[in-house]
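Position chain B relative to chain A; hints supplied.
The lines below spell out each chain.
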Amino acid sequence: MANKQQTEKMSEAIDHYRRTFLKRLGITSAAAVSATSAHGAWGGKTLGDTFADFFQQHYQRMTPEELRQTLRRIERKVQRQYGASINCTETPPLDGVVFGYALNISKCKGYRDCVEACATENNLAADIRYIHVLELDKGSRNLELADRYYDHETVPVQGKYYLPVQCMQCDNPPCVKACPVGATWKEPDGIVVVDYDWCIGCRYCMSACPYSARFFNWTRPDLPADRINPNTNFLGNRPRPVGVVEKCHFCTQRTRKGQQPACQEACPTGARIFGNLLDPNSEIRYVLENKAVFRLKEDLGTEPKFWYFSDR
Amino acid sequence: MALLLFFRDVLKELWRGPFIYWLWIIFLWTIIAVGGWSYIGQLKNGLVVTNMSNQVSWGFYISNFTFLVGVAAAAVMLVIPAYIFDRKDIRDVVLLGDTMAVTAVLMAMLFVIVDIGRPDRIWHMIPLIGQMNFPASLLAWDVIVLSGYLLLNLGISFYLLFSHYQGREAKLKVYLPFIILAIFWAISIHTVTAFLYSANAGRPFWHNALLAPRFIASAFCSGPALAIIILQLVRRLVGYPVRQSAIDTLAITMTVALQITLFFVLAELFTDFYFEHAHSASARYLFFGLHGAAALTPWIWTALALLVIAVTILMIHPLRQKTLLLNIACVLTVVGVWIEKGMGLVIPGYIPTPLGEIFEYLPNATEVRISLGIWAIGLLTFTLLAKAGMAIERGKLRFRDDIEEQLAGIGNEVEEDSLATTAPLRSGE
Numbered sequence: 104m105a106n107k108q109q110t111e112k113m114s115e116a117i118d119h120y121r122r123t124f125l126k127r128l129g130i131t132s133a134a135a136v137s138a139t140s141a142h143g144a145w146g147g148k149t150l151g152d153t154f155a156d157f158f159q160q161h162y163q164r165m166t167p168e169e170l171r172q173t174l175r176r177i178e179r180k181v182q183r184q185y186g187a188s189i190n191c192t193e194t195p196p197l198d199g200v201v202f203g204y205a206l207n208i209s210k211c212k213g214y215r216d217c218v219e220a221c222a223t224e225n226n227l228a229a230d231i232r233y234i235h236v237l238e239l240d241k242g243s244r245n246l247e248l249a250d251r252y253y254d255h256e257t258v259p260v261q262g263k264y265y266l267p268v269q270c271m272q273c274d275n276p277p278c279v280k281a282c283p284v285g286a287t288w289k290e291p292d293g294i295v296v297v298d299y300d301w302c303i304g305c306r307y308c309m310s311a312c313p314y315s316a317r318f319f320n321w322t323r324p325d326l327p328a329d330r331i332n333p334n335t336n337f338l339g340n341r342p343r344p345v346g347v348v349e350k351c352h353f354c355t356q357r358t359r360k361g362q363q364p365a366c367q368e369a370c371p372t373g374a375r376i377f378g379n380l381l382d383p384n385s386e387i388r389y390v391l392e393n394k395a396v397f398r399l400k401e402d403l404g405t406e407p408k409f410w411y412f413s414d415r
Numbered sequence: 008m009a010l011l012l013f014f015r016d017v018l019k020e021l022w023r024g025p026f027i028y029w030l031w032i033i034f035l036w037t038i039i040a041v042g043g044w045s046y047i048g049q050l051k052n053g054l055v056v057t058n059m060s061n062q063v064s065w066g067f068y069i070s071n072f073t074f075l076v077g078v079a080a081a082a083v084m085l086v087i088p089a090y091i092f093d094r095k096d097i098r099d100v101v102l103l104g105d106t107m108a109v110t111a112v113l114m115a116m117l118f119v120i121v122d123i124g125r126p127d128r129i130w131h132m133i134p135l136i137g138q139m140n141f142p143a144s145l146l147a148w149d150v151i152v153l154s155g156y157l158l159l160n161l162g163i164s165f166y167l168l169f170s171h172y173q174g175r176e177a178k179l180k181v182y183l184p185f186i187i188l189a190i191f192w193a194i195s196i197h198t199v200t201a202f203l204y205s206a207n208a209g210r211p212f213w214h215n216a217l218l219a220p221r222f223i224a225s226a227f228c229s230g231p232a233l234a235i236i237i238l239q240l241v242r243r244l245v246g247y248p249v250r251q252s253a254i255d256t257l258a259i260t261m262t263v264a265l266q267i268t269l270f271f272v273l274a275e276l277f278t279d280f281y282f283e284h285a286h287s288a289s290a291r292y293l294f295f296g297l298h299g300a301a302a303l304t305p306w307i308w309t310a311l312a313l314l315v316i317a318v319t320i321l322m323i324h325p326l327r328q329k330t331l332l333l334n335i336a337c338v339l340t341v342v343g344v345w346i347e348k349g350m351g352l353v354i355p356g357y358i359p360t361p362l363g364e365i366f367e368y369l370p371n372a373t374e375v376r377i378s379l380g381i382w383a384i385g386l387l388t389f390t391l392l393a394k395a396g397m398a399i400e401r402g403k404l405r406f407r408d409d410i411e412e413q414l415a416g417i418g419n420e421v422e423e424d425s426l427a428t429t430a431p432l433r434s435g436e
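From first to last, the protein sequence lines stand for chains A and B.
Counting from 1, position 232 in the first sequence corresponds to residue 335 in the working numbering; the numbering is continuous, with no gaps.
Counting from 1, position 423 in the second sequence corresponds to residue 430 in the working numbering; the numbering is continuous, with no gaps.
These are calculated hints, taken from the structure and not from any lab test.
Just so you know, not all the hints are guaranteed correct.
Claimed, not checked - These stretches of chain B come out as covered by chain A in the derived footprint (C-beta under 8 angstroms, 3 or more residues): (1) 59 to 73; (2) 131 to 143; (3) 206 to 213.
Beta carbons: idealized from backbone N, C-alpha and C, even for Gly.
Just chain A, same shape as in the assembly:
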């Protein structure tokens, strides 16, 4: 009985997606997709989900109903692929908020707690880290001479300083301009996001980014079920499919609910200051108004919303 209900639900789903797809094509055909094969399993994947995955609409053009179904389908997919049950939600941007980040390089000691907290929070594959901490010789900012894979017994090392780099959430993002299918865009709160299900994996955005802040899933991320963070959202930390680009999104799953990003929370030295640029009383506004700040590669005109400053 349950099986039959499921079958009906699936053929409904197929029909829904088929109809919207045909509508987009401008074709109105009465031919129905046979529902008889709907309980066929493609490696545990139902035909209904397969269809719906294939024809899934761009995030910004989904109806609320389509989005709801998509979120459930993503949860099913993660269950099937990783054996983990997650909760995937939509987290719309908050009104009157534009996020910005400031980092105190004189406080950063190169512990890289932010790097690991980010990886855990955002379900990152083993070969992807959104934050790179560059170890530089004091007296120089020649990035070519930076050590980004330093492996010392203890940090900080005498004579070195540390420069963490991540997506700058540019206000004029070259990656967004580059994308041929509009799979990445700047949200109203200033965060540059990716629709992982719309990205075609051409990697042009990676060439366009002046900060090496975009990463490609060269194979399906290998995530152990017990390490998957179940609190996920659509545009943020849900497990990514193979063959698409991802990037730091200022922890939209947290920050859009009023929390701090994982990297900020993990930093033991208080070097990271994150907040609302539109709020005149925010700490980030204090930093911007009272400290000598600089931005990496400001000359490129990408208007990063990530500032560095120093106490000394």
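Relative to the frame of chain A, chain B by itself:
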């Protein structure tokens, strides 16, 4: 009816051929099968099977793509003299130029398809059902200009061939506007492909106004060089009448373009190294190695050496007029430009990364196999299109108006070579 018979006759023509023709076809299919097998592996496991990385995110595939767009664009070097300067000798072979363009665009598109992570989502780029980020994205521009160029060349070639097949002279009035459009369009495909790179302000090696002129200049070397080789091959192998004056014109074109290309390389070297600065890092990596990493250095110097030898041969008239030496110069030019505009342009753009990381790249066996497969598809496409085209141009394939004769003919042929003709015939009836 004529259209149907056209396709039937073309298929029949492709089915006929000497032993060596079939050997060639089987050879190409073998390579395609090997490449296809590797591609299935890549689809299954993801692009992890290649040597590309988050540091060097485009590699051998896109290098080949870039080179081939140039070859496609260079077909105008036959079209311009044929139609603008009204050169009869070149107009006789201009269809081979169009065929070369069609083949090169097709291969370029295949190289993009094997490079993208989600070929199943390619429809996302189609306007209306998908979403094309036009005019902001240069990649969207590239898709438009390349598909347009493919359609233009297919359309023009088809119109000419179909007219000749029916024993009619093609009307210049009808197709000249499209020829003119195709000339401008050809320049646009390579310009847009160059802009694809020079659009990236974060990659100083590419972000450079000389890139598009360099692309066009080097395309006008490699394209005519390939055309010279191909024209001689069809003259020798199938006895297609190619006049020497056509080859001579191409050789002159190529000589001038190669001189300009080398001048542009010199200009870049001067700018990068007279007063070396941070933005010279990629050029230093390419030509001399950077912090001990120098995987591309032998390649680029080989390319430059080949091009210098080629230009020397080409510039000295008695040498250029010797067939053997001209052919050597052509091969050297094709290989030289393939390195210089392929790997030599794409890879250093990523080394060092915008954050200064030096992570090298050379293609692995999978990438080479898949690429060879695409080259084989290209050679196969060219062989088949050119064979059919030449048969029509030489009057071997002609539409016969006598229906009864046709019908009698159909019966016989089905028995003769069943596989080639039955399938399309049935669908036609």
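Open item on the list: Taking beta carbons only, do three or more residues of the stretch 59 to 73 of chain B come closer than 8 angstroms to chain A?
Closed with: holds (count 6)
- [ ] Examine the stretch 206 to 213 of chain B: at least three residues should have C-beta closer than 8 angstroms to a C-beta of chain A.
- [x] With 5 residues close enough to chain A, the hint holds.
Task: chain A covers the stretch 131 to 143 of chain B, three or more CB atoms within 8 angstroms, holds or violated - done: holds (count 9)
This entry satisfies every hint, going by the numbered hints stated previously.
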